[in-house]
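Visitor: Residue-level listing of the chains:
There are 6 protein chains.
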Amino acid sequence: MRHSGRAANELRPITLETDVNRYAEGSCLAKFGNTHVLCTATIEESVPGWMKGSGRGWITAEYGMLPRSTQSRMGREAARGKQSGRTQEIQRLIGRSLRAVIDLQGFGERQIRIDCDVLQADGGTRTAAITGSYVALYQAFQLMQEMKAIETIPFVRQVAAISCGIHKGQAIIDLDYEEDSAAETDANFVLTDDGQVVEVQATAEEKPFSRVEFDALMDLAIQGVSELAIAQRNALGLED
Amino acid sequence: MRHSGRAANELRPITLETDVNRYAEGSCLAKFGNTHVLCTATIEESVPGWMKGSGRGWITAEYGMLPRSTQSRMGREAARGKQSGRTQEIQRLIGRSLRAVIDLQGFGERQIRIDCDVLQADGGTRTAAITGSYVALYQAFQLMQEMKAIETIPFVRQVAAISCGIHKGQAIIDLDYEEDSAAETDANFVLTDDGQVVEVQATAEEKPFSRVEFDALMDLAIQGVSELAIAQRNALGLED
Amino acid sequence: MRHSGRAANELRPITLETDVNRYAEGSCLAKFGNTHVLCTATIEESVPGWMKGSGRGWITAEYGMLPRSTQSRMGREAARGKQSGRTQEIQRLIGRSLRAVIDLQGFGERQIRIDCDVLQADGGTRTAAITGSYVALYQAFQLMQEMKAIETIPFVRQVAAISCGIHKGQAIIDLDYEEDSAAETDANFVLTDDGQVVEVQATAEEKPFSRVEFDALMDLAIQGVSELAIAQRNALGLED
Amino acid sequence: MRHSGRAANELRPITLETDVNRYAEGSCLAKFGNTHVLCTATIEESVPGWMKGSGRGWITAEYGMLPRSTQSRMGREAARGKQSGRTQEIQRLIGRSLRAVIDLQGFGERQIRIDCDVLQADGGTRTAAITGSYVALYQAFQLMQEMKAIETIPFVRQVAAISCGIHKGQAIIDLDYEEDSAAETDANFVLTDDGQVVEVQATAEEKPFSRVEFDALMDLAIQGVSELAIAQRNALGLED
Amino acid sequence: MRHSGRAANELRPITLETDVNRYAEGSCLAKFGNTHVLCTATIEESVPGWMKGSGRGWITAEYGMLPRSTQSRMGREAARGKQSGRTQEIQRLIGRSLRAVIDLQGFGERQIRIDCDVLQADGGTRTAAITGSYVALYQAFQLMQEMKAIETIPFVRQVAAISCGIHKGQAIIDLDYEEDSAAETDANFVLTDDGQVVEVQATAEEKPFSRVEFDALMDLAIQGVSELAIAQRNALGLED
Amino acid sequence: MRHSGRAANELRPITLETDVNRYAEGSCLAKFGNTHVLCTATIEESVPGWMKGSGRGWITAEYGMLPRSTQSRMGREAARGKQSGRTQEIQRLIGRSLRAVIDLQGFGERQIRIDCDVLQADGGTRTAAITGSYVALYQAFQLMQEMKAIETIPFVRQVAAISCGIHKGQAIIDLDYEEDSAAETDANFVLTDDGQVVEVQATAEEKPFSRVEFDALMDLAIQGVSELAIAQRNALGLED
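Residue numbers (UniProt numbering), protein chains in the order written: chain A, 1 to 240; chain B, 1 to 240; chain C, 1 to 240; chain D, 1 to 240; chain E, 1 to 240; chain F, 1 to 240.
These are computed hints drawn from the structure, not numbers from a lab.
Every value quoted in this text rests on a predicted model; they were computed, and no experiment measured them.
Certain hints may be false.
Since copy identity is lost for identical chains, a pair holds within one copy or between any two.
With a straight-line Cα cutoff of 20 angstroms, these simulated EDC-like cross-link-like pairs (lysine to aspartate or glutamate) come out [stated by the list, open to error]:
no., residue 1, residue 2
1, Lys168, Asp215
2, Lys207, Asp194
3, Lys31, Asp219
4, Lys31, Asp19
5, Lys207, Asp103
With the hints as extra help, turn the sequences into a complete structure.
Guide: This is the structure in structure tokens:
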């Protein structure tokens with residue numbers, strides 16, 4: 001039994017609220033239980049120098065945590081003068097995950113910047129960030145479509161992410177902070193709605209784990225992401 | 001007539017929502033119209049080295065803007081590796097304003113950190129930050145009182161802040177971004193609920209202004225802050 | 001009685017020595033008693049990128065203190081690798097104060113850099129810096145006039161600055177370090193020679209102060225700045 | 001057919017040369033074909049502050065590339081003033097991978113620093129770094145054993161790493177730079193000698209991949225790591 | 001003939017003015033013609049951590065140039081966020097030069113910080129800095145002697161510095177900026193008053209030079225430093 | 001007698017191994033005994049902005065030490081976020097030394113970057129770096145000649161470097177770390193093969209030294225460099 005009463009394969013309550021920022025071209029407040037991540041998409045009418053003339057666009061992401069998004073206050077990265085290795089890892093992951101399911105030639109030489117800011121953290125911030133960013137980015141593409149800047153939404157597939165782990169010997173999904181801290185194994189899966197793999201990161205926290213255990217985690221993740229994908233389509237008002 | 005239809009002496013809709021963060025010892029989401037600032041208070045059980053043994057506590061503040069809190073996206077300070085001069089000015093102002101109305105000997109050798117993060121900016125972010133920080137900090141003191149760490153709330157006075165400016169020749173209060181950008185004069189007043197001065201910063205944007213004009217701004221500010229002070233007490237459930 | 005024997009409304013001995021640097025287009029060593037600030041003006045034949053094609057010029061300022069300009073040695077900002085918040089506040093203030101009294105269209109697309117370096121500090125370094133910078137900048141404009149680069153000096157008004165404060169319950173002008181450290185209230189006034197306001201910054205150091213006290217400070221400042229304005233004209237050899 | 005003539009499941013020539021640094025407590029020059037990584041282990045007689053008194057030791061790793069280790073020269077990170085996100089990701093990975101197979105209570109309150117410096121890069125630098133670091137660290141433990149600082153080598157398992165990928169539709173192992181640049185999928189496996197998982201990182205470079213493909217990569221990796229494990233034992237002169 | 005009319009072995013007018021800073025324990029404004037360097041000595045009652053308990057003191061130096069000390073304005077190092085390689089070279093040289101002629105056990109576990117700030121630069125700033133620092137430091141020792149903190153001045157020898165160079169085929173001393181820019185060879189000599197060598201740095205600017213030329217430069221330097229040594233003793237009021 | 005058994009004027013075993021990097025346009029692993037420095041030359045088809053249109057090329061150098069190249073591990077400069085003053089001094093020295101013996105108009109508007117990375121340090125790393133860089137750079141020029149980019153090698157002279165010092169009262173050459181740490185005087189000579197001076201840096205470590213001693217050091221250096229010059233020609237396969 002999980003401390004929250006959830007079943008092993010049960011996600012926390014998920015909400016993906018759109019239109020939460022009056023300026024951004026797309027925005028989504030992704031809540032996975034007490035983890036709240038504000039995602040915005042900003043369209044820029046030019047690409048980085050090394051891409052000019054390529055006919056392709058680019059998606060990039062930045063990630064940050066408010067200092068008191070966590071149980072103990074974290075130092076503010078802007079004040080310390082640099083982003084931690086963890087922050088950089090996560091923002092690189094978000095950008096890669098989105099780019100892998102987009103036709104980069106489908107929206108011109110534009111750059112879209114995703115900002116994921118964690119207002120409150122209770123485990124799984126990177127997975128909530130990816131899941132919410134998909135929604136914010138989709139909205140930005142819809143806006144471009146309305147403005148006749150593009151004809152079709154360049155997403156080739158739908159993408160979302162979820163964490164899984166081995167906790168007290170049991171494979172569970174969508175770990176909260178308390179579970180995450182105590183897990184023997186921690187894995188993040190970025191998958192498409194039909195269970196294809198975009199990115200897998202699995203880490204033995206204390207001791208190596210078996211391939212059988214790994215497979216159990218992936219089973220959970222495939223099911224969880226298919227649920228997240230429905231929530232994304234609902235948030236965007238897309239027919240299922 | 002102001003573009004929003006407001007009277008010269010009319011504040012935007014003000015809301016001060018408390019308990020918006022499940023970890024912080026105090027928290028307040030201050031909204032001045034479309035300007036939204038999330039304020040949290042974090043209690044630390046020690047003071048900076050130079051204060052040890054003084055028997056006094058300390059209040060310090062940090063300020064940040066989410067990159068897409070503004071109409072055009074701003075670079076993320078954590079990514080650029082430093083806080084701008086404007087950011088530093090504002091966070092120093094917030095800390096000074098709070099310390100000026102607190103008995104620093106009244107809460108032991110503790111440091112309380114205020115974080116003010118702008119989720120959405122439409123002018124007046126520093127005044128919303130100060131007004132909301134008062135509430136978040138008050139809550140932190142209430143918590144300390146409940147925990148028997150202090151006997152009385154060490155606030156000596158109540159403090160809030162509001163901007164005023166000369167716009168098209170007229171003195172107006174609580175400027176939004178559009179007004180602020182076009183104002184001839186820009187002033188921020190940090191005042192007590194009974195109209196005492198904590199901090200005044202007035203700047204001629206294009207040309208110097210007269211003492212008579214300055215006095216008109218201060219008249220507006222005193223009235224506006226008394227309204228904000230009521231909102232603060234309501235938010236805190238204090239009897240008036 | 002002030003510890004220096006000065007009357008409440010009495011400035012320290014003021015000297016504004018020009019031509020103190022053989023390379024700069026304008027230079028002034030401003031002394032307010034033991035506070036000595038070296039101000040230079042450097043003309044650059046281009047403006048920052050965002051102003052190109054605007055037909056306007058720009059004035060910017062930088063401020064620094066020699067490490068041993070103060071009673072206790074301060075760390076060198078170049079060695080620490082960043083400018084303090086205080087330094088940035090002051091240099092932004094100097095630039096704004098000068099720009100507010102200049103016709104930016106009156107000297108072409110040029111940038112003039114003001115450098116204010118404190119050789120010795122005994123309170124009031126920012127006010128000495130503004131007062132001296134006016135002189136250095138005026139000289140730079142005179143040089144441009146001689147070179148036929150401009151026809152008229154683009155200063156619309158004359159500007160100077162002075163500090164005032166409440167010390168032992170009394171409003172006094174031009175505080176030295178000892179007075180400044182003990183003052184209950186500290187205010188800096190940047191004014192024109194005829195008493196118009198360019199910038200006001202007033203701060204309650206320990207407890208809020210009344211509007212009556214604030215008005216007394218401004219009365220002192222208007223008188224003091226009119227004296228500084230005469231010293232500026234004398235230094236520049238301008239007829240009164 | 002691979003451009004090098006290798007079979008899909010064939011590693012490049014692997015050499016793990018020890019005693020390549022006269023000062024380090026352990027050292028190994030790991031060569032995976034033209035990828036050459038110099039790994040050293042440095043024992044420090046204290047742990048980071050947050051671990052003091054815990055009775056446990058710590059392993060940390062740093063990673064760097066010589067500027068001309070690559071085909072086109074890369075900027076020197078020391079000159080640019082910061083480590084890239086990629087560098088930080090890799091050095092965090094190396095540290096985690098080693099710690100996962102070590103009994104941290106088995107070598108006292110000491111910190112061992114692993115340095116992995118890439119002399120020449122032709123794909124797979126992080127996997128060579130992990131594989132070589134195991135050897136260097138093992139030597140450091142052997143030295144501690146000789147010095148009677150520890151009784152037994154605290155490695156619980158043996159660890160090595162290898163990259164696999166889908167290239168032209170085929171699952172292959174130990175990609176060189178040319179293959180890596182063109183791969184559709186890129187995965188790094190950190191495994192124990194008996195095929196347990198320490199860390200998996202799989203990334204779809206251009207389009208998502210199937211679970212079947214993922215499984216093929218893991219099959220290759222398990223075989224490859226078992227070969228690397230033999231090379232490690234040989235390098236260390238351990239009986240098989 | 002030199003453009004200034006000076007003879008090949010003729011120094012510029014040298015003045016070493018003391019007591020130019022009201023706070024420092026020692027101060028000297030060293031002028032070598034139009035090169036003006038302000039040197040201060042600050043006594044600190046502790047040494048860096050690595051020297052604690054050694055019974056020895058330490059001398060360290062910092063060097064900086066005001067932005068408009070030069071013909072074209074230089075960027076401010078504090079604003080750029082780092083000291084240039086040249087700055088670091090020079091401040092290391094100043095510290096080494098002074099330490100080489102001092103008995104570090106002769107003034108207790110104290111650190112004396114030398115600050116050399118160039119107010120105006122016309123070649124030879126590092127040699128003026130060393131020459132003036134000797135005077136400022138001597139004064140600081142005199143003050144310690146007066147305060148009974150030390151019995152004797154711990155200078156073992158007197159030290160000063162001068163530049164020499166080959167210019168239009170001729171060996172000359174104390175080059176100004178114009179000569180320095182055109183010199184074929186540039187050398188800085190830090191010597192004792194009796195011609196012993198503390199530090200020599202000689203650089204071929206365009207093409208290598210002969211040992212005979214080098215010897216001619218050293219001949220000039222020995223004579224020049226003996227003149228500077230007299231100026232130092234005069235500035236300090238020491239009998240010759 | 002030196003601790004290594006070497007005669008006062010005897011170099012350590014010198015090897016200059018070429019073609020040690022498969023990507024660089026020139027490379028040399030310079031070994032002076034246990035000091036091992038990897039030198040590479042990278043040709044870039046453009047010069048820094050300030051040289052464009054000058055018709056001249058440029059040589060620049062960077063220097064670094066692997067963290068465990070030394071007896072005690074040094075902090076990694078990339079991790080600390082800046083290069084030390086010592087590093088900057090050395091890389092500036094290497095660049096100047098090479099440029100002084102090259103016709104900068106002889107290889108077009110190209111920049112050649114020299115990287116000197118110390119794999120193992122036992123005294124004299126900068127002299128090994130200069131000596132090896134000459135070889136790597138020569139190879140790069142040879143490559144340009146083969147590619148018909150230049151007609152003749154633009155080296156005007158041959159350059160190498162060696163350290164000398166006074167140790168236990170005796171002038172010795174090519175000090176190892178143990179000797180260097182105990183030397184009373186430390187000097188580095190960058191000379192041409194026929195004994196012309198490119199750069200001399202001599203430093204009294206503890207007390208000033210005499211001109212006679214200095215001359216003895218230079219005598220040793222001239223002999224030593226002539227031996228290094230032969231080794232360079234041999235490494236390059238040039239007829240003597």
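Visitor: Give a verdict on every hint.
Guide: Hints, verified against the model:
| no. | hint | verdict |
| --- | --- | --- |
| 1 | Lys168 with Asp215 | within (17 angstroms within a copy, 26 angstroms between copies) |
| 2 | Lys207 with Asp194 | between (31 angstroms within a copy, 13 angstroms between copies) |
| 3 | Lys31 with Asp219 | neither (23 angstroms within a copy, 37 angstroms between copies) |
| 4 | Lys31 with Asp19 | both (14 angstroms within a copy, 17 angstroms between copies) |
| 5 | Lys207 with Asp103 | between (40 angstroms within a copy, 10 angstroms between copies) |
The structure does not agree with numbered hint 3 stated previously, though it agrees with all others.
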